[in-house]
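Engineer: Sequence:
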Amino acid sequence: MNEPSHRLRQRTEEQSTAEQVSQHQQSQAAREFASVEELIRHDAGRTPVPEAVADRLKQSMVREPSSKPTRWWRRLLGG
Numbered sequence: 001m002n003e004p005s006h007r008l009r010q011r012t013e014e015q016s017t018a019e020q021v022s023q024h025q026q027s028q029a030a031r032e033f034a035s036v037e038e039l040i041r042h043d044a045g046r047t048p049v050p051e052a053v054a055d056r057l058k059q060s061m062v063r064e065p066s067s068k069p070t071r072w073w074r075r076l077l078g079g
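Note that this note's numbering has the sequence shown beginning at 1, numbered continuously upward.
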């Protein structure tokens, strides 16, 4: 007699777990964003950058000129 109650308990636990997973998936799917930028930030935070892309980005940043603007008098005098 103990066997049917064990099966019933196990079945209800499985159903409960399945419902929790379903609710979690629905809450993720129902997310709305106020702007496109917010969506992109959210996606960027959850998406890993491939190693090849990270390396290319680092190399590109090294080749970029300094962000410090050149003074007007240096440009005028050629310095």
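Accuracy of the hints is not assured; some may be wrong.
Claimed, not checked - Between beta-carbon pairs, the in silico distance windows are:
1. 44 - 66: 20 to 28 Å
2. 41 - 63: 41 to 49 Å
3. 14 - 62: 53 to 61 Å
4. 12 - 44: 37 to 45 Å
5. 36 - 11: 27 to 35 Å
6. 64 - 16: 36 to 44 Å
7. 52 - 20: 35 to 43 Å
No lab work stands behind these hints: they were computed from the structure.
Given the structure is predicted, the values throughout are model-derived calculations rather than measurements.
Think of the CB as a built atom: it goes at the ideal place given N, C-alpha and C, for glycine as much as any other residue.
Engineer: Is 53 to 61 Å respected by the C-beta to C-beta distance linking residue 14 and residue 62?
Structural biologist: holds, 55 Å
Engineer: Between the beta carbons of residue 36 and residue 11, is the distance compatible with 27 to 35 Å?
Structural biologist: violated, 45 Å
Engineer: Using the beta carbons of residue 64 and residue 16, state whether their distance is inside 36 to 44 Å or not.
Structural biologist: Given a distance of about 55 Å, which is not inside 36 to 44 Å, the answer is violated.
Engineer: Confirm or reject the claim that residue 52 and residue 20 have a C-beta distance inside 35 to 43 Å.
Structural biologist: At 38 Å between Cβs, range holds.
Engineer: Regarding residue 12 and residue 44, is the given constraint of 37 to 45 Å on their beta-carbon distance met?
Structural biologist: Check passed, 41 Å falls within 37 to 45 Å.
Engineer: Falls inside 41 to 49 Å, the C-beta gap from residue 41 to residue 63?
Structural biologist: violated, 27 Å
Engineer: For the range 20 to 28 Å, tell me whether the beta carbons of residue 44 and residue 66 fit it or not.
Structural biologist: 26 Å Cβ-Cβ, so the 20 to 28 Å window holds.
This entry does not satisfy hints 2, 5 and 6, going by the numbered hints stated previously.
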